[in-house]
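Please arrange chain P on chain R, whose structure you already have, making use of the hints.
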Amino acid sequence: MVASLTRRFGDLDLAEEAVAEAFATAVERWPADGVPPNPGGWLTTTANRKAIDRIRRENKRDTKQQEAQLLYDDGPPEPLGPIDDERLRLIFTCCHPALAQEARVALTLRMVGGLTVPEIARAFLVQATTMERRITRAKAKIKAARIPYRVPSAADLPARVSGVLTVLFLVFNEGYLATGPDTDPIRHDLTAEAIRLTRLIRALLPEDGEVTGLLALMLLIEARRAARVSASGELVTLDEQDRGVWDAALIAEGHHLVRERLAAGVAPGRYQILAAINAVHTSARDVRDTDWTQVAALYDQLVRIDPSPIVALNRAIAVAELDGPEVALAAVNRLADQLAGYHAYHAARADLLRRLGRSQESRAAYDKAIELAGNTAETAKLTRRRDQLG
Amino acid sequence: MQYLFSVIDDATGTGTAEEGAAIDAFNDRLQAQGYWVFAGGLESPSSATVIDNRGAEAILTDGPFVESKEYLGGFWVIEAPDLDVALKLAAEGSKACNRKVEVRPFQ
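As you go down the protein sequences, you meet chains R and P in turn.
Going letter by letter, the first sequence gives residues 1 to 390 in my numbering.
Going letter by letter, the second sequence gives residues 1001 to 1107 in my numbering.
Bound conformation, chain R alone (with noise of 0.2 Å):
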C-alpha cells in the first residue's frame, strides 16, 4: 500500500504517514462501523484521501507541482487496479439517482475527492452546517434505502455514466466560474478535481465517446484558464485573450482526444460537440483566424441534440461572425422569452447591439447583463464594455 501510494504521490513519507493515519482510523471505526467488505480496498482508499488531505493543507506553492502532476497525463490509462476498483464503486454510488444532485456532487467530493466538509461548503457558497446536513441525510438514505455499493451493472452503465459525468461537469463549472482575487482559492482545486475523476471514469470506459468528450472539453477549457482574468480581476473573454499564456500540453492532449473521437466515426453525444468546438478555438493562433464556419456547423450539429435556448444562444454568437451581427440578432431575439433572466443573453445582445452601432439599446442590454451577473469578473467586463460606449 505504501509502495502504490509513494509511486502516485512520489513522496515516501507522505505516503507512509497516510498509511499509518488510514490504519489508526480503521482501529476506531471499524469495532462500530464494523468492518467494510474489501478491508484492503477500504484501507488504501482512505491512505490516499488522508495523502490528499495533507497536500491540500500544506502550502499551496509547494504542492502546486504535485498537483500538476495529478492534473496532466500523458500517457495511455494504465489498466485498472484495486484502489481504483474502489473508488469507481464510490463514485457509482456518490452518484446514484436516487439523490437529490446537489447531494450527488457534496457527497462525490466528500468520499472520492478528499475534500473536507468546510472546504465543500465554501466551494458552494453554502454555510458548513448545511453542507454536513447534506452529506449526512445523504448517506443516511444510502443505508436506510439501501443503495448498493457497486459499479452498475453493463446495461444499466451508460444511463449512470451519464450522471456521473453531469456531477463531475457541475464540480468543474463551479471551480471554473471562481475568478477575481477575493476568490477562495479551494475553488480552483474543483476543475483539478474533476479532471482527476473523470481520468478514473475514462479508465473504467476507455471507449465510452462522452466520457471522452467530457475530458477533452475540461482540458480544453482548463488551458485557457490564465488567460481567463486580467490582472486586475477583470474577465477576459475569448476574443481578447493573451493567447501566448494559455497551456500548450492540455491543449495538444484535448485536441487528441476530439480527434480519437472523430476517428471513432460515431455520432457524437453532447460533450464530444462542445470539446470540438473549443478545439476549433485553441487551434487558432489568433482570433482573427478562427474557423467560425466549422464553429457554426458544430453548433448545428449541437442544436439537433440539445435543443436549449443557451446553445441556440451560443450558435447565434458563432453565426454573427459569419452572416453578420443583423441575422445573429434576429436569431438572439427569439429567444427573449426563455433566456430574460440570463446575463449572458443580455450581454450577447449588447454586444450585437453595439457592432450595429445601436448604442442606447446597447448600453440599457449592458446595464441588465451587469444587474443579473453574480460574477465580479464578468460585472468588471460588462461596465467596461458598456462604460466604451460614450
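For the record, the hints were derived by calculation from the structure and aren't laboratory data.
Since we're looking at a predicted model, the values are computed, not measured.
Ideal placement from N, C-alpha and C gives every residue a C-beta, glycine not left out.
Heads up, none of these hints are tricks.
Which residues of chain R face chain P? A few of them, derived with a C-beta cut under 10 Å, are: (1) H96; (2) P97; (3) A98; (4) D156.
Okay, now just chain P, sitting in the frame of chain R:
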C-alpha cells in the same frame, strides 16, 4: 429487505380497465419472481375514518387524516435485495397503474 410502494392518486379519475389488466400482469410477475409480499388498491379517502385514542377516550373522525389533492390510492409491499431492484420494479408498477409511485424502505 422490504419496501413499500405507495401509489399516489388524485381525484382526476379512477383506474381504467387497461390499468387493471396491466396491474394484474405486473402482480403475476412479482409473485412468479418472488418479490411479492402483499398489495392492494384502496377505496377513496372519503371512505376513511380516523381514530385518535391517545387520550382518555377514542375520538372518531369521518374522512382521511389529511385532506389533500394527492393521496394514497393503493400499495405494494415487496421484498428486494437493494434499492436498484426495488426501483426497477417500482418503475414497472408506476407504468402499470399509470400513477406516481413512492418507494420507501421498511425499518
